[in-house]
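J.: Each chain, written out:
Number of protein chains: 2
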Amino acid sequence: METRPYVSWQQMNDFMIDVFKAYGVPEEDAKICADVLLESDRRGIESHGCNRFKPIYIDRIVNGTLLPVTKIDIVKETPTTVVMDANNGMGMVASHKMMEMLIEKAKTYGMAGGAIYNSTHYGIAGYWTTMAEKAGMIGISGTNARPSVAPTFGVEPMMGTNPLTFTMPTDEEFPFNFDCATSTVQNGKIEFYERSGKPTPAGLVITKDGGTMTDSGTILKEMRKGNCALLPLGGLGEETGGYKGYGFTTIVEILSAALTGGPYMKELSGKNPDGSNRMYRLGHFFFVINPEFFMGLDTFKSTAGGILRGLRNSEKAPGAERIYTAGEKEHLAWLERKDKGVPVGESIQKELVELRDKLKLPYIFPFEQK
Amino acid sequence: METRPYVSWQQMNDFMIDVFKAYGVPEEDAKICADVLLESDRRGIESHGCNRFKPIYIDRIVNGTLLPVTKIDIVKETPTTVVMDANNGMGMVASHKMMEMLIEKAKTYGMAGGAIYNSTHYGIAGYWTTMAEKAGMIGISGTNARPSVAPTFGVEPMMGTNPLTFTMPTDEEFPFNFDCATSTVQNGKIEFYERSGKPTPAGLVITKDGGTMTDSGTILKEMRKGNCALLPLGGLGEETGGYKGYGFTTIVEILSAALTGGPYMKELSGKNPDGSNRMYRLGHFFFVINPEFFMGLDTFKSTAGGILRGLRNSEKAPGAERIYTAGEKEHLAWLERKDKGVPVGESIQKELVELRDKLKLPYIFPFEQK
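Which chain is which? The protein sequence lines are A and B, in order. Residue 370 is where the first sequence ends in the working numbering, and the numbering goes up by one at each step. Residue 370 is where the second sequence ends in the working numbering, and the numbering goes up by one at each step.
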């Protein structure tokens, strides 16, 4: 049962747009950014939603590591490809423009690909791949991020949690949407374990001495000091396939930087050697594939839907209630939340009130009404 | 230390071509098939090399589930895409033609994609992606296969071990090459554990009662009866990310079938309901991305190489000798084997002699010389 108070989608959306505008983000760009953050909450992905509004976006605009006005340079464009310099503006604004361009190209050419450099956090990767899916196409995207994942047989945080995201059309009410980190968990999950007073399962984190760590509070503390790293999907060593998760993370690290020649790994720490802040300079990549250039969208949708229904209807493990397919839990979260709004815990409530008071914006939130 | 006798690359290649020809494969096609199988051995991937020559190719030609003459129908072609019907011929021959076409398209258009249906086992996925890499491009490929992997919270073998393979150019002696099943292990690995008298690590296989199984011999026996299934990368349940491996396997299942409208999952068992053999009707997909349509091949290569060197040079876990990057072990296997040839164990020796004697071919293998 959800015990947190809700804020309506409309109010949260309007509020975010007004705050972004107050910090210098142009109105059209502010609308895009608010929609990307709220889409995460609509899908129940609370690590990338309004919880990040203040710390990852507003605070960074304030400290100068995120420019509110996004100057986009199209560095290269061909009939099927685009390379963009986001000039340390809003990664979500550059990504939105990129996907609009690629979808148009894929309508004409069937396939399109793009890469952005000098960018900032672009929200959930699944937002961009869903833009392709809504246009009847397959979307693929990934991004690098500050280093936190160790390679197999290593202990040093080298790569980001690097999502490798696919969204594909189906004949169902919701698409196939696979959108998650290529490490076993990302930081947000360990924060969740800590808040719930739970240990982190063994094999998710590696310490400098090659061991693992399960106390969630200690992990978060040591992670900040660089004394431990996340393990790739598949876990420690090679026996349970850890080198495969490591491979997927590396694919995303390469595609996010090599298509543009942008920075990678330790260069993405957001810190200068003296500890001062610097631009994040992230890179993202995007591919769009139009099924009409293969055997058609209807064929694609019904085949994909058939596979997903077959999986859900297969024999369940004893005690398992149901078998999900990727994107289904996000759809269920939306059905649960669509009439209620976004649930906000205490820390987010505080951030909203703080921003409202500081900017003297005329909002009264439901959680303030006794 | 390798204790098995070697057969030279030249002799094995010539022998395979002669045997394929004797079974009705045209000479040019036989050359392609022999090269694909031997490339697997050159990379040290012994599950997909000359060990499969007789059981997966020659025996299937004999039992009628693999046609030696590959009639390729180009069902659809656009400037950037190709859909092919392989008519149950040699999957390797159809895939070779597909990659030649896609590389040409990507030279002109920057991006290309293709899908094949009614196909048969196409060897290592990395062969096809390496064709793109040798042309200075990024290759991506995957294939479905007979059902053996259970979805998260399920126990029934539903999907293939479905590789999602990427090969990318670097400025090093060998490319980045990530080529493996999206399940934690495939059958071949459990056969390896059995031959070595080792248990299979817990969490790689799920039984009908939702438990795991570690006795390698029992696993192989029960797997054949459909009484257990492989688990996706990340293992049992959701806690260690099993739903992520499940997601990757599903992506490959969808792309392998939905671009063409071809069959999937249980339809790929190779058996009719009465237990008799039928055509496998596999599907494969291929994408080619040309870095010259982004910031250029040299930029791509040096950035990718920089990332891979950074990973190898990062801090190792205590006791770890080195950190590898994907494709490095395959390169090391080649350096070890290139002057010696392909090592053949007793079962392969028997198969080679049996084929040679049956066809009265004039070969004397080194392991026959006392």
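Hints listed in this document are in silico derivations from the structure and should not be mistaken for laboratory results. Keep in mind that a hint or two might mislead.
The list treats identical chains as one, so a pair stands whether inside a single copy or across any two.
Below, a list of computed lysine-lysine pairs in the DSBU-like style, where the Cα atoms sit at most 35 Å apart [said to hold, decoys possible]: (1) K316 to K208; (2) K358 to K208; (3) K208 to K198; (4) K225 to K208.
J.: Next, verify each hint and record whether it holds.
T.: These are the hints, each one checked on the structure:
1. K316 to K208: between (40 Å within a copy, 9 Å between copies)
2. K358 to K208: For K358 and K208, the Cα distance exceeds 35 Å both inside one copy (43 Å) and across copies (59 Å).
3. K208 to K198: both (23 Å within a copy, 30 Å between copies)
4. K225 to K208: within (12 Å within a copy, 44 Å between copies)
In this structure, only the earlier hint numbered 2 is contradicted, and the remaining ones agree with it.
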